[in-house]
Amino acid sequence: MEKNKVLSISDINVYYGPIHAVKGISFDVYDGEIVSLIGANGAGKSTTLDTVSGLIRSKTGSIEFMGENISSVAPHKIVAKGLVHVPEGRRIFLQLTVEENLEMGAFLRDKKDVEPGKERAFRLFPRLEERRKQIAGTLSGGEQQMLAISRALMSDPKLMMMDEPSMGLAPIIVEQVFEIIEKLRDDGHTILLVEQNAKMALSISDRAYVLETGNITLSGTAKELLESDSVRKAYLGG
Amino acid sequence: MSVLNNLIGGLSLGSVYAIIALGYTMVYGIAKMLNFAHGDVIMIGGYMCFCAMQYLGLPPVVGILIAMVVCTVLGVLIESLAYRPLRGAPSLAVLITAIGVSYYLQNAALLIWSSNPKSFTSVVALEPIQLAAGRLTVTGEAIVTIIAAVVIMTALTIFTSRTKMGKAMRAVSEDRGAAQLMGININRTISMTFAIGAALAAIAGVLYCSAYPTLSPTTGSLPGIKAFTAAVFGGIGSIPGAMLGGILLGIIEIFSNAYISTQLSDAIVFAVLIIVLLIKPTGLLGKKIREKV
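Protein chains in written order, with the working numbering: chain A, 1 to 238; chain B, 1 to 293.
The following block holds chain B by itself, in its conformation from the complex (with noise of 0.2 Å):
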């Protein structure tokens, strides 16, 4: 039964980063740059979730939604202000753009709500489920985290494939000077990346929170390089690959840590990555450019 009790746990573990991983790999995907500050959106969404509840006395639904309004408007003024200007910029200036934006919000945290780490109540309610007689354990936040995880991925899938925004953004990222000879304006089309990432980092903050209900300024990093490493393991740009990329990151690290070694586990996450990008360089379900049939 450990075994199945650990498979959940990598699954909802796995749910989180595949959350976090849709919003770097829509990022990267249409405006073509790693957003390193994505980690600390989450952190930003956690506070805000946590400020709401503890000091609002808001319930944890309302709290959710603050977050994620914030991490929206968050993440839309972060890529106009510190991203937009270097459109065309070498990619390194944007990256390093990109870490400083990072240092600085948690910096801000730093200031707002010092390094003390504060106690998150989780924002789900339900018991945690007992089956075989006790010996499986399924927590209410596993559950929620795992469902929420399907149903953004399907949200977003159905959103790229149908609608005339999602299928534009297909289009950038494809090839940017193209669509804007069709009339799509790229920046709006960036924004509204950056908004559905960081509405999908805020909702990621949350439920990580609830899991591991400590939360100070740098709570989002680590998180936050993992879901990265998961993005580029599924295939950066890709949806279902972030999805698989989250889930397979999450289910080798708990396994990794129940039945190798606690101290290892990070690095052996990370050699599995190599070994992937080593045997298929564009990750799991990266995508090749299709070749004329």
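Chain A with its partners taken away, still in its complex shape (with noise of 0.2 Å):
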């Protein structure tokens, strides 16, 4: 069965001031899968989201998001269209309680879908509920990471972005973090995952890119690149 091209990023450049952070890379995310970049800290994983999402520009080329143009849309119409991205670091509003916080998540979403989002973010991390009236800031690391996605996920998102969700947090958070991306996976989202925690990633992923200082360097099944040699000496720790 064919599937659809959610995403396709092709030939992207992107400069800090005087600094070549991307260098034309492209690539596919189709729908229903968990599509991973790999790659070292400064080799442009985050700019490539950031870029996707309209926070940054690329000087080049095409980012096409369900056969549509995105790359001059401003980041408020890009999450309109069903795009979300969970920054890295979380960043989720410090000094709004948990509730607010999912309710900015559904910033652009009708009155009515609200409540139902989330009953859902509960159902799916009950710890949130317990907290809904509390203060963000007071949550715990991984407990602030569960509403990053909770909230990303009351947009109701065709595909999500998200930036280092292990980053940290305990190992024992960083599984069953990544256990809940899977889910969401088999619940039907597409999910566009940037790690510098490589193997975790590829545990999860169908398939992946390896970012090398701007650059694809390789690309294939998970599977493939689990057993690539020099996926597993650069990143896998030998």
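Don't take each hint at face value.
[As the list claims (entries may be wrong)] Computed spacing ranges between beta-carbons, pair by pair: (1) B:Ile96 / A:Tyr15: 25 to 31 Å; (2) B:Val69 / A:Glu129: 43 to 49 Å; (3) B:Ile158 / A:Glu129: 21 to 27 Å; (4) B:Leu111 / A:Asn13: 47 to 53 Å; (5) B:Asn5 / A:Glu88: 55 to 61 Å; (6) A:Ser228 / B:Gly177: 31 to 37 Å; (7) B:Val69 / A:Gly82: 34 to 40 Å; (8) B:Tyr104 / A:Asn13: 39 to 45 Å; (9) B:Ile96 / A:Thr60: 32 to 38 Å; (10) A:Gly168 / B:Ser91: 25 to 31 Å.
Bear in mind the hints are in silico, worked out from the structure with no lab data behind them.
Beta carbons: idealized from backbone N, C-alpha and C, even for Gly.
Put the complex together from the two separate chains, hints included.
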């Protein structure tokens, strides 16, 4: 069965002043898969996600989401199209309550869809329901990551981009987070994952791309990459 | 009784400062800039109400409404023409632009209304209330001003904590990038903040001119600066902080005037500000980043 292309990046070049951070990369994400971008710090992974969600702009190429070029669409309008970005470092609103954070995630949705969205988040993460009135800054790191994922889900996205969901979390929490990501894929969400924790990312991904200093140097199914010598040496600790 | 009289005077002046400071603090909290032209919007509000009442013979309530509408439009225009193109520019560039806008408004007022002060007719028709056998006088302006400040603060608190737009403003205030990723339109949210700030400035302008009835193109400068001080004093970005800062500033000013020295009252006000900031740099009710517990 031919799967639909959800996201298609072709030849994007991104600069931070004089620094050429992303050098003409191209890749695709198909409906219902988890695709990982793995690579070292500074390889251009986060920059790529920031470019897709419109926070920074590519000098060249195109970003097609559901067949539409979104490379010059404003960030808030990209969210409206069904592409949501869980940014690096979670960036939940620390001074808002858990519930208000979820409401912000549903900013573009009809009022009637907000409550069912919250209920879904609370089913996924019962801890958040216990803390719904609590200021988000008082949550633990793992809870904050769960809130960040739930907040993104509130927009009912077709594609979720997650930037380093394992960052700063204890190993046991990391496992939980990755289980949730798999569960989201099984529920029909398409996920573009950026991770430094290559082993974890590859273990749940369908396909992956390896980024090195702004270039894609390897790509394939997660299984192929897990078995590749160069990936093992560079990212999986031998 | 003179203590009580002064206290009421201080509360009344402080309430005007509070209303102006609320505008400063909202704009600072959300747009992360000091809008130094805020004081001059007060002056424009005063003139608009003055013109509506004096030249068009309209009732005071209509005058206030006209002032609010004109100032709201002006606030949104200033933001979109002068500040929006500088989004992402260094804060110094924005600050200098704001000072430029301030001079622009003052000079535009000078051209239109000349430097001759106008005598403002109070919009408050209430007679002063005499209490304690005439030893305690409460003016109608004082009553209206204090009530207006309390109502405005309450309304703003409810707006920012209960409404979708208000919550979005708090989200933008905390993390603009993350707010964009939620689908919040940053430009619209900031516009809305300027609209609210400018409407408050119009109300403050009318109330200030009702209490101190000379209106000139520089009328807004000093209350503007003092209200900015009040906002910093209370903790810039905080709504109750602006209210508290404004009221305290008004009371300190009136009491210094009455008991210490008229010439030194402004110096005393600013000395208190410096002392507070030395002890508590975020202001009295300033937000600290909450730590994980």
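A quick look at each hint next to the structure:
no., hint, in the structure
1, B:Ile96 / A:Tyr15: 25 to 31 Å, "28 Å, holds"
2, B:Val69 / A:Glu129: 43 to 49 Å, "45 Å, holds"
3, B:Ile158 / A:Glu129: 21 to 27 Å, "26 Å, holds"
4, B:Leu111 / A:Asn13: 47 to 53 Å, "51 Å, holds"
5, B:Asn5 / A:Glu88: 55 to 61 Å, "59 Å, holds"
6, A:Ser228 / B:Gly177: 31 to 37 Å, "35 Å, holds"
7, B:Val69 / A:Gly82: 34 to 40 Å, "39 Å, holds"
8, B:Tyr104 / A:Asn13: 39 to 45 Å, "41 Å, holds"
9, B:Ile96 / A:Thr60: 32 to 38 Å, "35 Å, holds"
10, A:Gly168 / B:Ser91: 25 to 31 Å, "30 Å, holds"
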